[in-house]
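Colleague: Sequence:
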Amino acid sequence: MIRLALLKIISGSVLSQLIMLCALPFLTRLYTPEDFSILAFYVAALAPIIVISSLRYDVAIPIPDNSNDSDELLKLSIIITSLMSLISLIVIIILMTHGTKLHVISSSLFVLPLGILFGGLFNIFQYYCIRNKEFGLISNVKVSQAIIAVIVQVVLALIFGAHAEFLIIGHSVFVGAGVIYLLVKKHQVHPELLVIYDNLKLLKTAKKYKDFPKYSTFDSLVNSLGTQLPIIIIGFLAGGSEIGFILLAMKLLGTPVSLISGAVGQVFYSSAREHIQAGTLQSFSIKFLIPLLFASILMILLFSSYSGLMIDLMLGSEWNRVAEIIELFVFWYAVQLVSSPFSMIMHIQGKQRQLLALTIFGFLARIIPLFLISYFNLDVEYVFALSIFSFFFYLLCFYVFMRTIDFDKKIIVLVCSVFLILFQVYR
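All residue numbers for the sequence shown refer to the numbering used here, where the first residue is 1 and numbers rise by one.
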């Protein structure tokens, strides 16, 4: 059952990511590093808002034992996400009408509310699919998203010339296509479920799962800002096209990480509750930990040794800076690959407060060094500092998640030691 679920998700994820990767050689020859820098600013601004667009009620959808609660959580999440999108539109209109100068992405700001709506709805419906173990549906939608997004970005550039706005439009279409696929093509969410609302039930459900907006919203916001805000900060401090190179490096590293950890995390989350009740959570988790560890080691060996050659062949010699950043970031992403799939155990076990504290610590650990380097004019690369502190933060995350699952400390220390040795050898 586990293997079948993983196969369904991974097959679609592999194909969708391959489509996106195959498109990169064309996109990097159509668009400039400056265009990708503008896209990076847009994504960095959008991502934290999408994460909290439903106040994290979407994350609670797979948890209830009865379908009534999950249906109410679905409705509640949709309402809150729609309001978030509307509020963002009003704020943008006010800022623009008062003559506020929002450089870098000002011409694309009006796409932001649509991106929030599409991104939030897609997360909601995806969690609904996870609850129903509709992994094949998730797989199909990822392929459709990739194909449509690539077509939009390439065709618009060929017809009208390359502009950063077309990359942003393609990003919005990527998420929007997923929402439309889930709603129309497969009818996963029945229409009557979306139009019949009971305010008393919604309020009761909101109160019952209040810990998610109370703790998880701030936790998720800080976590997303911990990833996205350093990009924006480095973009302003370093200037030039550095942020565009960082975006591509994170895309190339994030592809295998999101592919594997996302699939494993979804399957783990959908079944963890049952294994907790049966007292088999630790043995269930080991089935995922061992292959994740091997995959992360392979990732370090591959990108540390051949990133320069891969970037030169794939993107061209003018993008060699991407390879340098990859060699710094690979350790961070490798540890993230092992730790991230197990992060939802904190929600399942009701440890949102501890997760919030951990997330705040990680946020500060990644942001403060960047300002210190700038303030004291230290001879340290911003991307180097970010990679080092992110690496050790995700090691800490791994330790906390595994202890929550009640893993033996010796096993946890052994895994951490493997990463530290590889870090020392290949750094």
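One should not assume that every hint holds.
Unchecked claim - With a Cα cut of at most 27 Å, we get these calculated DSSO-like pairs of lysine-lysine:
| id | residue 1 | residue 2 |
| --- | --- | --- |
| 1 | Lys-409 | Lys-208 |
| 2 | Lys-214 | Lys-204 |
| 3 | Lys-204 | Lys-351 |
| 4 | Lys-287 | Lys-75 |
Hints are computed from structural coordinates only; laboratory data are not their basis.
None of the values given here were measured: they were computed from a predicted structure.
Colleague: Now tell me, hint by hint, if it's right for this structure.
Modeller: Okay, the hints, checked on the actual structure:
1. Of the pairs offered as hints, the one joining Lys-409 and Lys-208 is violated, with about 35 Å between alpha carbons and a cut-off of 27 Å exceeded.
2. For the proposed pair Lys-214 and Lys-204, the alpha carbon gap of about 15 Å is at most 27 Å, so the pair holds.
3. For a cut-off of 27 Å, the pair hint linking Lys-204 to Lys-351 stands: about 22 Å separates their Cα positions.
4. Among the hinted pairs, Lys-287 with Lys-75 is inconsistent with the structure: their alpha-carbon atoms are about 35 Å apart, more than 27 Å.
The structure is inconsistent with the numbered hints 1, 4, although it conforms to all the rest.
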